[in-house]
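Engineer: Work the whole structure out from these sequences, hints included.
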Amino acid sequence: NAGVTQTPKFQVLKTGQSMTLQCAQDMNHEYMSWYRQDPGMGLRLIHYSVGAGITDQGEVPNGYNVSRSTTEDFPLRLLSAAPSQTSVYFCASSYGAGTGELFFGEGSRLTVL
Amino acid sequence: GEDVEQSLFLSVREGDSSVINCTYTDSSSTYLYWYKQEPGAGLQLLTYIFSNMDMKQDQRLTVLLNKKDKHLSLRIADTQTGDSAIYFCAENAGKSTFGDGTTLTVKP
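Top line first, the protein sequences correspond to chains H and G. Just so it is clear: in the first sequence, position 107 is 107 by the working numbering, and no numbers are missing. Just add 113 to the spot in the second sequence (first one is 1) and you have the working numbering.
Everything labelled a hint here was simulated from the structure, so no lab data went into it. Keep in mind that this is a model prediction, so the values were computed, not measured. Each residue gets a CB set at the ideal place from its N, CA and C atoms; glycine is no exception. Certain hints may be false.
[To be verified] Simulated restraints, written as ranges between beta carbons of each label pair:
{"hint": "1", "chain 1": "H", "residue 1": "59", "chain 2": "G", "residue 2": "136", "range": "14 to 22 Å"}
{"hint": "2", "chain 1": "H", "residue 1": "22", "chain 2": "G", "residue 2": "151", "range": "19 to 27 Å"}
{"hint": "3", "chain 1": "H", "residue 1": "8", "chain 2": "G", "residue 2": "194", "range": "28 to 36 Å"}
{"hint": "4", "chain 1": "H", "residue 1": "80", "chain 2": "G", "residue 2": "129", "range": "47 to 55 Å"}
{"hint": "5", "chain 1": "G", "residue 1": "182", "chain 2": "H", "residue 2": "20", "range": "38 to 46 Å"}
{"hint": "6", "chain 1": "H", "residue 1": "12", "chain 2": "G", "residue 2": "116", "range": "30 to 38 Å"}
{"hint": "7", "chain 1": "G", "residue 1": "195", "chain 2": "H", "residue 2": "5", "range": "20 to 28 Å"}
{"hint": "8", "chain 1": "H", "residue 1": "53", "chain 2": "G", "residue 2": "173", "range": "40 to 48 Å"}
Structural biologist: And the structure:
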């Protein structure tokens with residue numbers, strides 16, 4: 001059972017480039033989310049989804065897009081990367097929003113030069 | 114809005130008890146959680162407490178909840194070097210709000 005899988009684990013981008021962070025889960029979880037982790041700032045919610053076809057903004061959504069075409073996948077898109085988006089990104093899923101354990105991927109470390 | 118606060122650092126000697134504290138603001142949380150993050154890894158659930166409980170014990174871990182003061186604590190008995198990690202408290206589960214994390218350092 002793979003759990004939550006994120007790719008890539010590391011990525012270096014130049015300012016203005018675009019990229020997609022992939023997230024897939026094989027637990028049939030309805031809820032999926034993206035967080036960024038910065039030193040001294042904990043985890044901040046970027047976007048979340050309560051099911052296929054439904055997405056919503058979290059605390060820090062600017063500069064990021066998401067879509068949820070299937071239950072399994074929840075990609076995070078950076079359309080025009082900025083140095084302020086240098087961070088570690090975590091995808092997480094749970095059976096339902098508001099209850100249950102959040103399962104995290106191992107993280108994707110992004111550096112924007 | 115929701116807010117969760119934790120102290121950032123805690124250093125203890127191996128064998129001592131560690132107490133990590135957390136305050137939260139959302140009184141509607143059904144569950145409150147403690148997650149552990151080891152270096153280079155994602156977060157993993159350590160333990161949780163239902164909001165109508167005052168205390169939960171799980172082997173070396175004791176969680177105390179003071180709902181009136183919105184205060185949550187995690188006590189680790191007989192702390193080991195393998196307990197060195199960042200500990201996050203969180204309210205709710207889906208659209209969770211996390212504290213900034215407490216870095217626990219255990220000295221031999």
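Engineer: Does the hinted range 28 to 36 Å hold for residue 8 (chain H) and residue 194 (chain G) at CB?
Structural biologist: About 32 Å separates the Cβ atoms of residue 8 (chain H) and residue 194 (chain G), which means 28 to 36 Å holds.
Engineer: In this structure, is the beta-carbon distance linking residue 195 (chain G) and residue 5 (chain H) contained in 20 to 28 Å?
Structural biologist: holds, 26 Å
Engineer: Is it true that residue 12 (chain H) and residue 116 (chain G) lie within 30 to 38 Å of each other by Cβ?
Structural biologist: holds, 34 Å
Engineer: Could one say that the CB atoms of residue 22 (chain H) and residue 151 (chain G) fall in the range 19 to 27 Å?
Structural biologist: For residue 22 (chain H) and residue 151 (chain G) the Cβ distance comes to about 23 Å; the hint holds.
Engineer: Taking 14 to 22 Å as the stated bounds, is the beta-carbon spacing between residue 59 (chain H) and residue 136 (chain G) within them?
Structural biologist: holds, 18 Å
Engineer: Does the Cβ distance between residue 80 (chain H) and residue 129 (chain G) fall inside 47 to 55 Å?
Structural biologist: Taking Cβ atoms as reference, residue 80 (chain H) and residue 129 (chain G) lie about 49 Å apart, which means the hint holds.
Engineer: Given the hint of 40 to 48 Å, is the C-beta distance from residue 53 (chain H) to residue 173 (chain G) inside that range or not?
Structural biologist: holds, 44 Å
Engineer: Please test the hint of 38 to 46 Å on the beta carbon pair from residue 182 (chain G) and residue 20 (chain H).
Structural biologist: holds, 44 Å
Hint violations for this structure: none, all hints satisfied.
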